[in-house]
Amino acid sequence: MSARYGMVIDLDRCTGCGSCMMACAAENNVPPLQQATVRTGLTPMLVRKVSNGLEGAARREAFIPIMCMHCEHDTPCVKVCPQQAVEVDKATGIVMQMPQRCLGCRYCMTACPYHARYFNWWDPSWPAGMEKSLNPGVAVRMRGVVEKCNLCHARLHEAKEKAAATGKREIDPADYVPACVEACPTGAIRFGNLADRNDPASQDARSPEAFRLLARIGTEPKVYYKSKEAWVRALAESKSGHGPETGSEVQHG
Amino acid sequence: MFPGIDGFHWTIGHVVFLSLFFAVVATIFATVVSAAWRTARDFRTNQAVELCWKSSFAELPESDRRCRHELAGRVISRTCDNAFDCRRCSKYSQFAVLPARAPVHSLGLNYSGDRFYHRGHTWVKPAEDGTFTVGLDELADRLVGNPDSIEMPEVGTELEVNQTAWCMKKNGNEIQVRAPIDGAVIGVGGSKQGWYLKIRPRLSSSDPLTLRHLLRGPEVQGWLTREMERLQLQLRSPNTPPALADGGVLMPGLMDALPEADWDTVLADTFLGA
Amino acid sequence: MASAVFSDSRWIARGEERTSLSRFLFWLAPWAIVLVVGIYAAGLCLYYGLNQTNMDNRFAFGLWIFLDLGIIALGAGAFFTGFLVYILKRSELRPILNTAVVVGFICYSGAVAILMIDVGQPLRAWFTFWHPNTHSMLTEVTFCISCYLLVLCLEYVPILLRSRQLRKLPSLLVFEHQLHKLVPVLAGVGTLLSFFHQGSLGGLYGVLRGRPFAFRTGFFIWPSTFFLFILSAIASGPSFLMLVAATVEKVTGRRFVPQELFRRLGFISGVLLALYVAGKSIDTLIWLNFTSPSEGFAPWQYYSHKPFGTPILFAEIVLFGLLPAFLLTYRRSAARRGWLLSAAALACAGVLLNRFVLTVQTLAVPTLAFDEFLQYTPSWQEVASFAGVIAYGVIVYSLSYRYLPLFAPSRGENTHVSGD
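Chains as they are written, first to last, in my numbering: chain A, 29 to 281; chain B, 2 to 275; chain C, 629 to 1048.
Watch out, some of these pointers could steer you wrong.
With the C-beta cut set under 8 Å, the calculated list includes, among others, these residues of chain C facing chain A [said to hold, decoys possible]:
{"id": "1", "residue": "G748"}
{"id": "2", "residue": "L766"}
{"id": "3", "residue": "E923"}
{"id": "4", "residue": "L991"}
Calculated cross-link-like contacts (lysine-lysine; reagent style DSBU-like; alpha-carbon spacing at most 30 Å) [said to hold, decoys possible]:
{"id": "5", "chain 1": "C", "residue 1": "K717", "chain 2": "B", "residue 2": "K92"}
{"id": "6", "chain 1": "A", "residue 1": "K196", "chain 2": "A", "residue 2": "K118"}
{"id": "7", "chain 1": "B", "residue 1": "K170", "chain 2": "B", "residue 2": "K126"}
{"id": "8", "chain 1": "B", "residue 1": "K193", "chain 2": "B", "residue 2": "K170"}
{"id": "9", "chain 1": "C", "residue 1": "K809", "chain 2": "B", "residue 2": "K92"}
{"id": "10", "chain 1": "C", "residue 1": "K796", "chain 2": "B", "residue 2": "K199"}
{"id": "11", "chain 1": "B", "residue 1": "K171", "chain 2": "C", "residue 2": "K809"}
{"id": "12", "chain 1": "B", "residue 1": "K171", "chain 2": "B", "residue 2": "K126"}
Listed next, with one range per pair, are the computed distances between beta-carbon atoms [stated by the list, open to error]:
{"id": "13", "chain 1": "C", "residue 1": "V879", "chain 2": "B", "residue 2": "A103", "range": "50 to 58 Å"}
{"id": "14", "chain 1": "A", "residue 1": "R87", "chain 2": "C", "residue 2": "Y668", "range": "45 to 53 Å"}
{"id": "15", "chain 1": "C", "residue 1": "F847", "chain 2": "A", "residue 2": "K160", "range": "24 to 32 Å"}
{"id": "16", "chain 1": "B", "residue 1": "G191", "chain 2": "C", "residue 2": "R718", "range": "52 to 60 Å"}
{"id": "17", "chain 1": "B", "residue 1": "G191", "chain 2": "C", "residue 2": "V879", "range": "43 to 51 Å"}
{"id": "18", "chain 1": "B", "residue 1": "N240", "chain 2": "C", "residue 2": "K796", "range": "32 to 40 Å"}
{"id": "19", "chain 1": "B", "residue 1": "S107", "chain 2": "C", "residue 2": "R960", "range": "48 to 56 Å"}
{"id": "20", "chain 1": "B", "residue 1": "W38", "chain 2": "C", "residue 2": "K796", "range": "19 to 27 Å"}
{"id": "21", "chain 1": "C", "residue 1": "W758", "chain 2": "A", "residue 2": "A167", "range": "54 to 62 Å"}
{"id": "22", "chain 1": "C", "residue 1": "F652", "chain 2": "B", "residue 2": "E63", "range": "27 to 35 Å"}
{"id": "23", "chain 1": "C", "residue 1": "F634", "chain 2": "A", "residue 2": "A167", "range": "55 to 63 Å"}
These aren't lab readings, by the way, just hints derived from the structure by calculation. All figures in this text were calculated on a predicted structure; none of them were measured in a lab. We treat Cβ as the ideally placed atom computed from N, Cα and C, and that holds for glycine.
Sequences are here, hints too, so could you generate the full structure?
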């Protein structure tokens, strides 16, 4: 049976520390672009700061980590890529990006409802000596191609190799843990196989406090969010006047 | 696209899309190849000259494309739509039988009655032995005067009607004189001899198609009047308004007498040039 | 003809008058400078990467995509005039046909040039042909525009071959004759291709579920923007041709196009524009009341960001749509050249505004609840490349006007050259 890997992120636990962003950058060989801004930077995992728009004692703030939602249905980026450089992996449900085939037309970036795709505006470069910290399991991308979160697919490979080495057919779930999940100090990010009803992540996704962003668009994202706060859950849909007045501040990194 | 690409599979969408695309590409390709093939075929079957002439004919101003029957007064107005090829004109049979040859003296020009005239200002005189002599008519002769150089074809050259028969150069202008009839060159003359070519026609000299397209008799009168009108308008000095002189004689050696005129256009319209 | 030390009169068609070579070069010089600066800016982008532009991850499409869509919409006059003349046999439009082909060639070659700089990896452009995604509108656009540019080049070739020096070569002259006989086939192919790619350019935005501002439902796999883009393109194409012809007449100080032809083009443009306005109004109502709310987006959200309020919608449909449609078709205004050309300009502006709204404004409007309305200003490299394309167009057209028989009047026009 094929897996459907997804995530459930508990927003009540997220402190906005940004460890997930750092771990993601380290794992995926993201270059330290000094010239990048918040809108041109490469952040496959990006933590956004939101508030309920009120001031003073009534003000509440939270953090929402945004990454590729790995949309299951009518995946927008897959549909629009002219070169088929993106596809939904049938075995895992991961939306795979092929940088070698990407033309850099950025149509997928326009199509993504969650703005979770990032373009390599510069050639990647590392200060002298820093190249020793590169992860050998992940290819570096050249400039002019699009990239995004791929649920640390390299780690899935390692898990499969490890299982094959010991003669097993299935991977040990403990072996496949994406970098952000591993790095999160509060355990806010939970990762698992959403198709498996016994998987804890799957159970979390079906809890009443769970929601998905822009669910009404119908892309069936596999990244869920969870919060007991009603104002946070109201952020799921657009500012269409339902629920309390919400504002936002983009985290300036 | 092709089998062997990882993860690719054919769907009905692929079949429809790609067949439409390849149909379009094939059509475009076929169009270019067809044009190129037809061009090669035209050269092989000796139709290229005729096509080049027709293309040049189409570039002439409408005033230079009057049907001979209009020039002769048989119709009020008609533009030739067949590149002066009266031999194959479908309208030809609707009009009267062509007149006999007759001399024309008009506007100081002497057009003898023993010859036929091509719209490109050459004359054709039949000889008793079935060959033809070709020369430059009076108007062209007075226009050009003494050419600086002449390039004649070699004896034995096959000429098509309206093909360039010989070239003259004068004052930096190149004049390509069109052949009035089909045939082989059997004798070459020059500006001094009073004739330029002797030609054995492809069809027999008694075949009416050989000379049907050439002007004769009263047609020449109407034609010359038009040509003189055109020359007067084209050769007048730029600051004078157009005036049509009635009377006066075309003086010889006009190209030397009026060097500042737009000879390029005048010569092109006179000799039906390219 | 003024005698000059160096004259290009042997390249100019016989019997045609053109200004002196020095004056012509004087006219070309500023455009050439703009073109050179544009090439330099494009070179910077190719060498250093797209960080030379002000596009970013939120504004992935910017000035260049707006230019591409706009220029292709305005260049629709090429295929549409060819369709009217060769397929529908409206021969009264012949005088403008050569200009339409040159304008089309300029527009499409310029668009393709900009696209080559706009993508991150231009050398991979052939990937689309090797791994086509038949679900993607952009694949369709790529295929069609490539083929259509080829068709336009082939339609331009006969005009080139009729130039004074080239027609002296018999092989080229005969080839031109044979190719010209097959131009109706090319016109038909061009019409088919244009129908699809003009529509697919609209479909590019209409299919984006993630951008409810642009998302539309429609017919089968094609959103309504597919059909609306075709309509607006064929409505503005003739108007743009009118503007080009009028500009040429103004600059050269001569008249080439009979006033009746202007009126005819204007009338065609006006009728199509009226149809477009009707279609667009219905589509907008459906979108505002059904499509957008069903995605969870109430319409007032889009128009609450200054300065992109409802005046833009009003401008698009009424000021630049209904008004020029009326002026172009109403007898009294269409009879006056000034009104006619102003209306044509409004029509072209309307199409450009529509393309702008669907590209730039779509990206500016927030989707996620915690997003803001975004700003974007193009960098000088983007503007310079844009200007370079316009300069390229002016230069190509100027050269074509000077040396090629674009407006050949009575010469040869009505002759049916009977051949094989």
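Hint by hint, here is what the structure shows:
no.	hint	result
1	G748	holds (2 Å)
2	L766	holds (4 Å)
3	E923	holds (6 Å)
4	L991	holds (7 Å)
5	K717(C) / K92(B)	holds (25 Å)
6	K196(A) / K118(A)	holds (21 Å)
7	K170(B) / K126(B)	holds (25 Å)
8	K193(B) / K170(B)	holds (15 Å)
9	K809(C) / K92(B)	holds (24 Å)
10	K796(C) / K199(B)	holds (27 Å)
11	K171(B) / K809(C)	violated (37 Å)
12	K171(B) / K126(B)	holds (26 Å)
13	V879(C) / A103(B): 50 to 58 Å	holds (54 Å)
14	R87(A) / Y668(C): 45 to 53 Å	holds (51 Å)
15	F847(C) / K160(A): 24 to 32 Å	violated (58 Å)
16	G191(B) / R718(C): 52 to 60 Å	holds (54 Å)
17	G191(B) / V879(C): 43 to 51 Å	holds (50 Å)
18	N240(B) / K796(C): 32 to 40 Å	holds (33 Å)
19	S107(B) / R960(C): 48 to 56 Å	holds (54 Å)
20	W38(B) / K796(C): 19 to 27 Å	holds (23 Å)
21	W758(C) / A167(A): 54 to 62 Å	violated (21 Å)
22	F652(C) / E63(B): 27 to 35 Å	holds (29 Å)
23	F634(C) / A167(A): 55 to 63 Å	holds (59 Å)
Against the hints set out earlier in the document, violations occur for numbers 11, 15 and 21.
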